[in-house]
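Hey, can you work out the whole structure from these sequences and the hints?
Note that the protein sequences, when read in sequence, are chains Y and X.
When you read off a place in the first sequence, starting at 1, and then add 566, the result is the number in the numbering used here.
When you read off a place in the second sequence, starting at 1, and then add 3, the result is the number in the numbering used here.
Just so you know, the hints here were simulated from the structure itself, not pulled from any lab data.
Check before you lean on any hint, since a few could be wrong.
[Stated by the list, open to error] Quick list of the computed label-pair ranges, beta carbon to beta carbon: (1) Asp401(X) - Glu583(Y): 56 to 66 Å; (2) Pro626(Y) - Gly753(X): 48 to 58 Å; (3) Glu422(X) - Ile605(Y): 49 to 59 Å; (4) Arg712(X) - Met567(Y): 32 to 42 Å; (5) Glu691(Y) - Gln587(X): 36 to 46 Å; (6) Glu422(X) - Gly575(Y): 45 to 55 Å; (7) Gln684(Y) - Arg712(X): 17 to 27 Å; (8) Met567(Y) - Asp470(X): 32 to 42 Å; (9) Glu691(Y) - Asn701(X): 28 to 38 Å; (10) Pro193(X) - Ser647(Y): 27 to 37 Å; (11) Asp645(X) - Pro626(Y): 36 to 46 Å; (12) Ile605(Y) - Ala330(X): 15 to 25 Å; (13) Pro707(X) - Glu691(Y): 20 to 30 Å; (14) Glu583(Y) - Glu295(X): 17 to 27 Å.
Quick caveat, the model's predicted, so the values are computed rather than measured.
C-beta: ideal position from N, C-alpha, C; glycine also.
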Amino acid sequence: MELTVNGKGYTLDVPGEERLLWVLRDWLGLTGTKFGCGIGICGACTVHVNGAAVRSCLMPLAAVAGADIRTIEGLAATDDSGTIRLHPVQQAFVDHQVPQCGWCMSGQIMQAASFLTQNPQPTEEETVRAMSANYCRCGCYVRIRQAVQQAAGMAGGEEVGT
Amino acid sequence: MTRERDGYDPVEAREASADGESGDGGAEGAEPVRSTKRRWRLTRRGFLIGLGAAGAGLAVGAFFGRPVLNEIMAESMAEAEHAGSSFMQLPDDPPLWLEVLEDSSIRLSLTKVEMGQGVHTSIAQIAVEELGISWDDLVVEQADTSSRLVDGMGTGGSFSVATSYGSLRRAAAGMRSLLQREAAVVLERPEAALRVAGRGFAVADSPESKVDFYSLAGAVTSWDLPEEETLQLKATDEFTVVGQPVARIDIPDKVTGQAVYGYDMRAPNMLYGAVARPPTLEAKLVHASAGEAAAMEGVEEIVIDVENGFAGVAANSRSAAWSAVKAMETEWDEGHLWQQEEIEALIEPAGEGGITIQREGNAAGVLRRETAITATYRSPFAVQAPLEAPAALADVQDGQVTVWVSTQSHERAKGLIAEALGVEADTVRVVPTYLGGGFGAKLDTGVAVEAARLSRAAGVPVHVGWDRTEAMLHGYLRPPTKSVLSGALDGNGRIAAMEHRQGSSDVAFSFMPAFMEMVMGADFGATVGARIDYDVPNRTVTAWRKKLPVWTGWWRGLGLFANTFAVESFIDELAAEVGADPLQFRLDHLPDSPAGGRKRAVLEAVAELSGWGTAPPAGRARGIACFGSNTVVAQVAEVSVDEGSGEITVHRVDCAVDCGLVVNPDGAKAQIEGNVMWGVGSTLIEQAYVKDGRLELNNFESYPLLTMRDAPDVRSVLVDTGIKTPYGMGEPPIGPVGAAIGNAFTAATGRRVRTLPMTPARVLEALAGGGP
Chain Y
567 MELTVNGKGY
577 TLDVPGEERL
587 LWVLRDWLGL
597 TGTKFGCGIG
607 ICGACTVHVN
617 GAAVRSCLMP
627 LAAVAGADIR
637 TIEGLAATDD
647 SGTIRLHPVQ
657 QAFVDHQVPQ
667 CGWCMSGQIM
677 QAASFLTQNP
687 QPTEEETVRA
697 MSANYCRCGC
707 YVRIRQAVQQ
717 AAGMAGGEEV
727 GT
Chain X
4 MTRERDGYDP
14 VEAREASADG
24 ESGDGGAEGA
34 EPVRSTKRRW
44 RLTRRGFLIG
54 LGAAGAGLAV
64 GAFFGRPVLN
74 EIMAESMAEA
84 EHAGSSFMQL
94 PDDPPLWLEV
104 LEDSSIRLSL
114 TKVEMGQGVH
124 TSIAQIAVEE
134 LGISWDDLVV
144 EQADTSSRLV
154 DGMGTGGSFS
164 VATSYGSLRR
174 AAAGMRSLLQ
184 REAAVVLERP
194 EAALRVAGRG
204 FAVADSPESK
214 VDFYSLAGAV
224 TSWDLPEEET
234 LQLKATDEFT
244 VVGQPVARID
254 IPDKVTGQAV
264 YGYDMRAPNM
274 LYGAVARPPT
284 LEAKLVHASA
294 GEAAAMEGVE
304 EIVIDVENGF
314 AGVAANSRSA
324 AWSAVKAMET
334 EWDEGHLWQQ
344 EEIEALIEPA
354 GEGGITIQRE
364 GNAAGVLRRE
374 TAITATYRSP
384 FAVQAPLEAP
394 AALADVQDGQ
404 VTVWVSTQSH
414 ERAKGLIAEA
424 LGVEADTVRV
434 VPTYLGGGFG
444 AKLDTGVAVE
454 AARLSRAAGV
464 PVHVGWDRTE
474 AMLHGYLRPP
484 TKSVLSGALD
494 GNGRIAAMEH
504 RQGSSDVAFS
514 FMPAFMEMVM
524 GADFGATVGA
534 RIDYDVPNRT
544 VTAWRKKLPV
554 WTGWWRGLGL
564 FANTFAVESF
574 IDELAAEVGA
584 DPLQFRLDHL
594 PDSPAGGRKR
604 AVLEAVAELS
614 GWGTAPPAGR
624 ARGIACFGSN
634 TVVAQVAEVS
644 VDEGSGEITV
654 HRVDCAVDCG
664 LVVNPDGAKA
674 QIEGNVMWGV
684 GSTLIEQAYV
694 KDGRLELNNF
704 ESYPLLTMRD
714 APDVRSVLVD
724 TGIKTPYGMG
734 EPPIGPVGAA
744 IGNAFTAATG
754 RRVRTLPMTP
764 ARVLEALAGG
774 GP
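Structure (structure tokens):
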């Protein structure tokens with residue numbers, strides 16, 4: 567099975583019905599993508615499949631064969647000198663000191679990054695709608711909303727997606 | 004500032020352990036063996052509440068009788084709430100906290116775990132402040148059970164900063180002072196002529212004359228704290244780091260996916276474990292066999308121990324383990340199949356066994372004579388539901404047990420593992436990772452035991468991560484409560500008498516030895532927030548401990564949320580009876596005491612913040628509520644009610660909090676915001692029930708959480724009333740949320756919902772004039 571994750575190609579000998587979440591975490595060691603519920607409700611496992619936000623806990627590996635996957639580990643850009651430049655959403659989450667426990671944050675950030683690609687200048691209401699299917703048990707919702715709105719401003723209408 | 008990740012890597016961690024044992028660890032190697040001088044600063048009550056002082060407590064009981072003892076204990080525990088008593092202060096020996104590393108940076112080892120409350124950052128601020136070094140010269144490390152600082156308290160109760168602050172200040176100031184003494188010798192100048200410069204000391208008027216911390220540390224022969232008068236603690240008004248909104252040190256790793264939690268732990272050759280779960284509340288395993296699991300692909304090990312109720316499997320993938328455990332053949336004695344109605348009948352605050360925890364005057368007598376108002380408030384079972392389910396990696400090899408686990412108490416986990424495996428505790432090392440939420444759920448981490456049992460059988464590291472359904476069903480829950488409040492008013496609009504009869508199942512008592520139950524009488528966890536702290540001449544609070552077939556225990560704020568909902572809703576009901584403004588009614592009943600003064604300050608602050616007394620926006624109404632332990636909180640909720648659908652919308656919650664000295668104001672505000680969301684979720688949504696012998700829980704479809712759509716705005720102010728030490732912040736702000744929302748609901752509709760959560764069905768029932 568061929569898979570591209572964060573720009574790197576993999577050939578995997580994994581059953582096709584295995585969920586993408588466990589392939590990323592347990593086979594590839596990319597544990598930044600989190601398990602929350604396993605039934606697509608909480609959003610902690612959100613990754614990008616060909617740029618779209620997807621719940622990896624529900625996605626069978628066979629369904630994403632050959633796809634371009636991006637996870638939280640591959641969201642920041644690394645320039646030629648090896649310096650990591652955070653994605654605007656990540657930077658906004660740092661600026662607003664958003665995460666508490668952090669377990670849901672990879673999913674929140676991947677959801678927000680994908681949303682802002684489709685809607686670079688959202689109203690606050692649109693942001694709330696787009697982010698309301700991602701649980702944050704610590705209750706960081708006020709800051710998540712502010713940070714996503716800020717990230718939209720930071721992106722200045724440019725492409726902020728992957 | 005850097006954060007060491009060494010402790011999270013199984014291989015490196017083992018090496019680090021070996022180094023530590025040889026005593027060859029930088030400055031530590033030069034440290035002489037010394038006796039631990041304990042500086043007990045005991046108050047009478049501090050003495051009484053110490054676990055080791057239970058015998059003394061019993062002696063008091065023998066002289067005065069158990070009711071008096073139980074009342075004293077309850078008062079002591081209320082005084083210790085969210086600040087700890089002097090007995091609980093961590094030790095202040097510098098080497099237990101701090102070590103000078105070879106590059107002259109200073110390492111701070113913390114027994115407290117980071118679960119999102121920002122505690123690693125705020126405790127680091129205290130160390131940096133007193134060491135006088137710059138932020139970048141401190142390294143923060145998570146301590147584990149191999150640390151010489153044995154922290155039996157774990158991380159909870161909002162105690163971490165409060166019980167570290169004084170000790171760590173002294174340890175850090177002491178280390179600085181001892182290093183400075185050596186620097187004076189090396190630089191041949193008086194100590195007063197020196198100052199901290201980078202990672203060493205320099206002569207103030209000739210900065211090129213300097214010496215680094217590491218060479219100084221090698222020369223220190225005793226790390227005993229200097230005498231009190233030479234231990235120069237900074238004056239709090241000279242603080243430059245404590246009190247600042249320092250950026251959290253764990254956040255960069257949490258936005259890039261680099262932070263490692265218990266569920267993320269990996270090791271070479273590891274397997275994945277899963278364990279069979281009882282199908283009912285009372286189920287006992289009577290028979291188990293491998294069944295079809297034996298032949299399933301990927302299954303490496305099957306462990307069956309019927310006597311201890313254990314049947315588990317280790318496989319080469321998590322999916323294989325989860326499938327295999329379902330294919331095992333297990334037979335259970337299901338026990339009594341409990342129904343919710345039976346549970347509710349049990350929680351009645353009446354009959355034998357009530358323990359009076361507060362008594363002044365003769366409330367019962369006044370309530371019999373006067374016209375009494377009575378109201379009953381209820382709260383349901385609730386789940387902590389940290390988003391990271393329980394998880395641990397265990398490696399049992401060569402007589403050594405090492406476990407990496409998402410835990411709020413690595414010391415407790417160590418004890419449980421040693422007991423389950425039948426090994427000496429000193430062969431067990433438990434390393435806490437980051438926690439993907441705790442909220443009390445991870446003070447008891449059975450998953451660590453499961454991973455250890457499977458690893459011992461398999462001979463390789465085994466990771467056990469629960470799925471969401473296991474996490475919902477097989478931990479402990481917030482207990483259901485029933486509070487019956489009665490009150491009588493005099494002719495001047497004042498409360499003449501008030502009584503609170505409270506029924507709850509166990510919180511703290513679920514985890515304590517039986518003799519402590521006799522000393523304490525009432526479960527301090529179940530009763531937190533139940534006291535009547537207003538100036539009422541006749542008042543009684545009595546708690547009934549009810550045994551339920553459901554395991555109940557720690558949950559954010561313990562009983563605080565449910566008890567404050569009851570007491571503060573009832574205060575509004577009394578205010579309404581005399582037509583008083585709810586804010587003014589509270590102010591009028593504050594005791595003339597320092598505690599009363601602090602509560603006045605937060606009530607007045609939240610009134611100003613919320614515009615109390617001005618008209619709310621059209622269609623909305625406001626409600627107020629407060630709570631005070633050491634930390635004092637007042638809140639105003641602004642809500643609207645859709646009388647067609649029965650839906651309550653909480654638009655905003657304003658909060659004023661006095662938590663004593665604030666170490667990190669942004670972190671404190673983040674805790675307020677989180678607590679408000681918890682309170683709103685518990686007021687409007689969260690509930691769990693028993694049906695046919697099991698909890699009616701499965702995954703988030705049966706226990707939805709609050710989402711951003713329903714999240715209110717939160718505004719907060721931190722009120723300074725001149726307290727010079729920090730109190731707790733992780734839980735107190737959850738207290739008033741339910742009552743503030745309920746009081747606002749009543750202001751909007753003239754009706755009241757006294758049973759939580761305030762679901763649309765209950766709201767519609769109340770609007771139609773029904774409900775309890």
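Each hint tested on the structure:
Between Asp401(X) and Glu583(Y) the CB atoms are about 38 Å apart, so this pair departs from the stated range of 56 to 66 Å. The hint said 48 to 58 Å for the Cβ distance between Pro626(Y) and Gly753(X), and at roughly 54 Å that hint holds. Judged by the Cβ atoms, the range 49 to 59 Å given for Glu422(X) and Ile605(Y) is violated: they are separated by roughly 35 Å. Between Arg712(X) and Met567(Y) the beta carbon distance is about 38 Å. The supplied range of 32 to 42 Å therefore holds.
One distance hint, 36 to 46 Å for the beta-carbon pair Glu691(Y) and Gln587(X), holds here, with the actual separation near 38 Å. The supplied range of 45 to 55 Å is met by Glu422(X) and Gly575(Y), whose beta-carbon atoms lie about 49 Å from each other. About 19 Å separates the C-beta atoms of Gln684(Y) and Arg712(X), a value consistent with the hinted range of 17 to 27 Å. The supplied range of 32 to 42 Å is broken by Met567(Y) and Asp470(X), whose beta-carbon atoms lie about 25 Å from each other.
Taking the beta carbon of each, Glu691(Y) and Asn701(X) are about 32 Å apart, inside 28 to 38 Å as hinted. Taking the beta carbon of each, Pro193(X) and Ser647(Y) are about 48 Å apart, not inside 27 to 37 Å as hinted. A beta carbon spacing of about 41 Å between Asp645(X) and Pro626(Y) agrees with the range 36 to 46 Å that was offered as a hint. The hinted window of 15 to 25 Å between Ile605(Y) and Ala330(X) holds, with their beta carbons roughly 21 Å apart.
For the pair Pro707(X) and Glu691(Y), the supplied restraint of 20 to 30 Å holds, since their beta-carbon distance comes to about 21 Å. A C-beta distance of roughly 18 Å is found between Glu583(Y) and Glu295(X), which places it inside the suggested range of 17 to 27 Å.
Violated hints, listed in ascending order, are 1, 3, 8, 10; each of the other numbered hints is respected by the structure.
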